[in-house]
Amino acid sequence: MSVREQSVAVTLLVHFYTFAIQDMALQEGPKKLLDMSPSAVDDQFLSCRDRMLQSLMGRGGLLERELSNSDGFRRAWQNKTCGGPIQRGKLEHTKALETYVTDSKFRYKFNNAVESQGSSASVYRSSFPYKSLHFLLTDAIHLLKEKTCRTLFRGSDTLYSTTKGSQVRFGRFASALESKSEAEEDFRTSGTLFNITSCAAAHIESYICEHHSVSWIIPPYEVFEVVDWVGPQSCSLVGLGFESRLGCLATDWRPVLGVSPSPSGLTPCVAG
337 MSVREQSVAV
347 TLLVHFYTFA
357 IQDMALQEGP
367 KKLLDMSPSA
377 VDDQFLSCRD
387 RMLQSLMGRG
397 GLLERELSNS
407 DGFRRAWQNK
417 TCGGPIQRGK
427 LEHTKALETY
437 VTDSKFRYKF
447 NNAVESQGSS
457 ASVYRSSFPY
467 KSLHFLLTDA
477 IHLLKEKTCR
487 TLFRGSDTLY
497 STTKGSQVRF
507 GRFASALESK
517 SEAEEDFRTS
527 GTLFNITSCA
537 AAHIESYICE
547 HHSVSWIIPP
557 YEVFEVVDWV
567 GPQSCSLVGL
577 GFESRLGCLA
587 TDWRPVLGVS
597 PSPSGLTPCV
607 AG
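Numbering-wise (the working numbering), the sequence shown opens with residue 337 and increments by one.
One or more of the hints may lead you astray.
DSSO-like mimics (lysine-lysine), calculated; alpha carbons at most 27 angstroms apart, straight line [said to hold, decoys possible]:
no.	residue 1	residue 2
1	K441	K516
2	K367	K516
3	K416	K367
4	K426	K441
5	K483	K445
6	K516	K445
7	K426	K445
8	K516	K368
9	K368	K441
10	K367	K483
11	K426	K483
12	K416	K445
13	K416	K426
14	K368	K500
15	K445	K368
16	K367	K426
17	K516	K500
18	K416	K441
Honestly, the hints are just simulated from the structure, not real lab data.
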């Protein structure tokens, strides 16, 4: 299989497409493997939401401490907000969404940390500096996600590779749009266009000031399977469910790790 044939564009449930590489140097360039992102910070906070909120809020809380320790996080957090509190949420959820969307440089740094600093309890606790933002985004997604699955598009200037039958996760907060043509503007000729049907994505347009490149967010823990490989421009994926290896480590000092070795261990991908 040639390098060009290995370039893929994902669709969660439907198809994914990739554009032909125009430059030979780009054809020979490195590609990112789309896999289960085993080192991702993927906590869903299902059993510790209230404790996390308590630990974040107020003077001296986790959010305040992490803001004081990161100039980039603090600058991004200071961006204005355009929406009110999410239903059943707090203004900090809206601030977290705006922080994620507005500052693309910080978003890149944050997502790289999400993708790489969850390999173990010790790495997460000692190295991951955005526990508060990760929780607020994850909780906002829980609060905003719809009861039906949704087909979305994501443009990336990164080339991806994968194989039929693979189980995959983004392993980061993946931005997406409803418009394919708008998503195509977000990647270069060497990049990947994802056609995604997600049962976990959250629609955030009503809570952010600008949404050209981000109107939906897909969480790091949603799992998909590559079920068909047609060729260089088309591949099919099916959503399997949700999987988290990390569980409430920001509030519990006793490790809670649960690696699901097979689809039978996944939380089913059911909307609602």
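Hint check results:
no.: 1; hint: K441 to K516; in the structure: holds (24 angstroms)
no.: 2; hint: K367 to K516; in the structure: holds (23 angstroms)
no.: 3; hint: K416 to K367; in the structure: violated (36 angstroms)
no.: 4; hint: K426 to K441; in the structure: holds (25 angstroms)
no.: 5; hint: K483 to K445; in the structure: violated (31 angstroms)
no.: 6; hint: K516 to K445; in the structure: holds (26 angstroms)
no.: 7; hint: K426 to K445; in the structure: holds (25 angstroms)
no.: 8; hint: K516 to K368; in the structure: holds (22 angstroms)
no.: 9; hint: K368 to K441; in the structure: holds (20 angstroms)
no.: 10; hint: K367 to K483; in the structure: violated (34 angstroms)
no.: 11; hint: K426 to K483; in the structure: holds (21 angstroms)
no.: 12; hint: K416 to K445; in the structure: holds (20 angstroms)
no.: 13; hint: K416 to K426; in the structure: holds (16 angstroms)
no.: 14; hint: K368 to K500; in the structure: holds (16 angstroms)
no.: 15; hint: K445 to K368; in the structure: holds (17 angstroms)
no.: 16; hint: K367 to K426; in the structure: violated (39 angstroms)
no.: 17; hint: K516 to K500; in the structure: holds (24 angstroms)
no.: 18; hint: K416 to K441; in the structure: holds (17 angstroms)
Hints 3, 5, 10 and 16 from the earlier list are contradicted by this structure; the remaining hints agree with it.
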